[in-house]
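Protein chains: 2
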Amino acid sequence: MKTIKAFAAKTANAPLVPFEITRRDAGPNDIQIKIDYCGICHSDLHQVADDWGGSIYPMVPGHEIIGRIVNVGKKVKKFKIGDSVGVGCFVDSCRKCVSCKQGLQQYCTEGFVGTYNSYEKDRVTVTYGGYSSEIVVDQNYVLKIPKNLNMAGAAPLLCAGITTYSPLCHWKIKKGKKVGVIGLGGLGHMGIKLARKMGAEVSLFTTSESKAKDAKRLGARRVILSKDKNQMDAFKNEFDLILDTVSGPHDLNPYITTLKRDGTLVLLGLPEKNPEIEAFNLVLGRRSVAGSLIGGIRETQEMLNFCGKHKITSDVEVIKPDKINQAYERLKLSDVKYRFVIDLRDRL
Amino acid sequence: MKTIKAFAAKTANAPLVPFEITRRDAGPNDIQIKIDYCGICHSDLHQVADDWGGSIYPMVPGHEIIGRIVNVGKKVKKFKIGDSVGVGCFVDSCRKCVSCKQGLQQYCTEGFVGTYNSYEKDRVTVTYGGYSSEIVVDQNYVLKIPKNLNMAGAAPLLCAGITTYSPLCHWKIKKGKKVGVIGLGGLGHMGIKLARKMGAEVSLFTTSESKAKDAKRLGARRVILSKDKNQMDAFKNEFDLILDTVSGPHDLNPYITTLKRDGTLVLLGLPEKNPEIEAFNLVLGRRSVAGSLIGGIRETQEMLNFCGKHKITSDVEVIKPDKINQAYERLKLSDVKYRFVIDLRDRL
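Residue numbers (this note's numbering), protein chains in the order written: chain W, 1 to 348; chain A, 1 to 348.
Treat the hints with caution; some may be incorrect.
Put simply, identical chains are the same to the list, so a pair is met inside one copy or across any two.
Claimed, not checked - Below, in silico cross-link-like pairs of lysine-lysine (DSSO-like), each with a Cα-Cα straight-line distance of 30 Å or less:
1. Lys-172 with Lys-96
2. Lys-213 with Lys-177
3. Lys-96 with Lys-273
4. Lys-101 with Lys-174
5. Lys-96 with Lys-229
None of these hints come from the bench; they were simulated from the model.
It should be emphasised that the depicted structure is a prediction, and the values quoted were computed from it without experimental measurement.
The following block holds chain W by itself, in its conformation from the complex (with noise of 0.2 Å):
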């Protein structure tokens, strides 16, 4: 067991302050990592206020780590000292299940276990994420980074890029189809930026009239106000997909007569309020209301090699750790583009 410096909330709502965790010495099968960023995802504000319940304290947050790996187990093959590599959402998964043999862990019949806020698989041991100087994870949980990306733009690729990448995929996105994002935040701008570079054409929904220019940079065709009722009647049958990466309440009905027939709207995060469905405009269409999570590790590497090769990292902010509960209150009124990192180079 080694000492690590980390920052962690102690209670619901309470701010982040330093605080000492263990992390386990690397077994034959553990990679361990010195981390450099960590995102700052929207779900850290969730789980620290325990707005989803059964929030574990005190909690280090943090699942979109990069790093460099400083030892490996015996039975490490395909990763040495000095890797860049990356930590997602999970760290464990019961590996057994027809999901986990496919490649889908994030689907986990028996439950991932989530990089932080979460129980090892011996049920006792809780997870610490990535507002700390190292962590130790098993080598089937651990990403490569393509070098030429900027290692602090990539660190939202573990959570914001894979939760857009791998719908874009599963539905099959590629040139000739047209993409509708609903939203202009962390996931948003990765969603336009991913599905534009598979070739679709992307609309962003948006409430702000001020996002249009920026949507327009990272790839964006079309911007449509979505409270202009005229807007949305202008686009009817028009999407293939769409990705709502938005949480607060808002109506899905008029989104969903804009999906051509045999459309998707799919929900990336979960709105606070359950979505009322107007069945007509599901059957009149063949139309179809999912919903995504994450992505498998398999398809995470793949995401971060298709990024590698595009040049595609996230927008971001990078803060030094003492600004991470600044950071938080800014997130909240989402006053950032679009994602903060929090550069932990310099070791706590």
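Using the hints provided, position chain A relative to the given structure of chain W.
Just chain A now, kept in the frame of chain W:
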């Protein structure tokens, strides 16, 4: 123009009474059909009652039509006098939009011409349905009925049959797949028969234990009492596809949790109340809630051929036209196994 005997509702909710209508003479592409049987679909009741708004009176309902050809236009090649044929929910469409060109006329972007309670493409001539002695339909919207089928039992295939067959095909149901059917009525009993013959393992969700025996006779392997939380919990993550045939108010969420990862619950009717969906259940299993509307002409013919091959018809109670109003009252109470079919062979 020709005068035809029919049964019509003269105003919303009025009892159906004998009524004379006019039909066009058969043009070069038309087929003139003497009607032998017409099913009573639950949507007939809704439209007679103007539940969905916009009903046109007098209204001659009926879109599950079986008859024999008595005349064909000069350009009709694939049909001849004496053939047993069927007419389903629509008798024309724009023929130009993407859906029409793909044979998915039910999703015609201009809206199909309904077999009744609709206007022909001239937007003036009202369409009258199958509660009548004859009908004239363009050859492209007429179906061939396999000769080995019982003709009264075949009538409901034109709506209840294709409404369940189409989603089973679209979502690729075959041997090894598990299908749930919610509700044992006109649609539900066809869903069980068709899914079973496609090789699926079929379960019925029902609120009434008394339906268990009949469901098993129809091909269901299991009957799940949806009111019983323990039974519902025992089938979590079980189904590839659920056909929801119930339009009365019911909470979709317990059913959604019985879907496997990537499973889909398809709404086939229009629930009286818009369903509220727990996003959580979609996101955590990449599940979908979708809708599906009848089927296109090509697929309807394919379904009829499938039914011919496997000797599938609807379980029907055949009535004379003077019992239509009584049948409506009984159908409101779900007092029929499983479809009323009007015997129109006496030519009213």
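Here's how the hints hold up against the structure:
no.: 1; hint: Lys-172 with Lys-96; verdict: both (27 Å within a copy, 26 Å between copies)
no.: 2; hint: Lys-213 with Lys-177; verdict: within (22 Å within a copy, 48 Å between copies)
no.: 3; hint: Lys-96 with Lys-273; verdict: neither (34 Å within a copy, 41 Å between copies)
no.: 4; hint: Lys-101 with Lys-174; verdict: both (27 Å within a copy, 23 Å between copies)
no.: 5; hint: Lys-96 with Lys-229; verdict: between (49 Å within a copy, 28 Å between copies)
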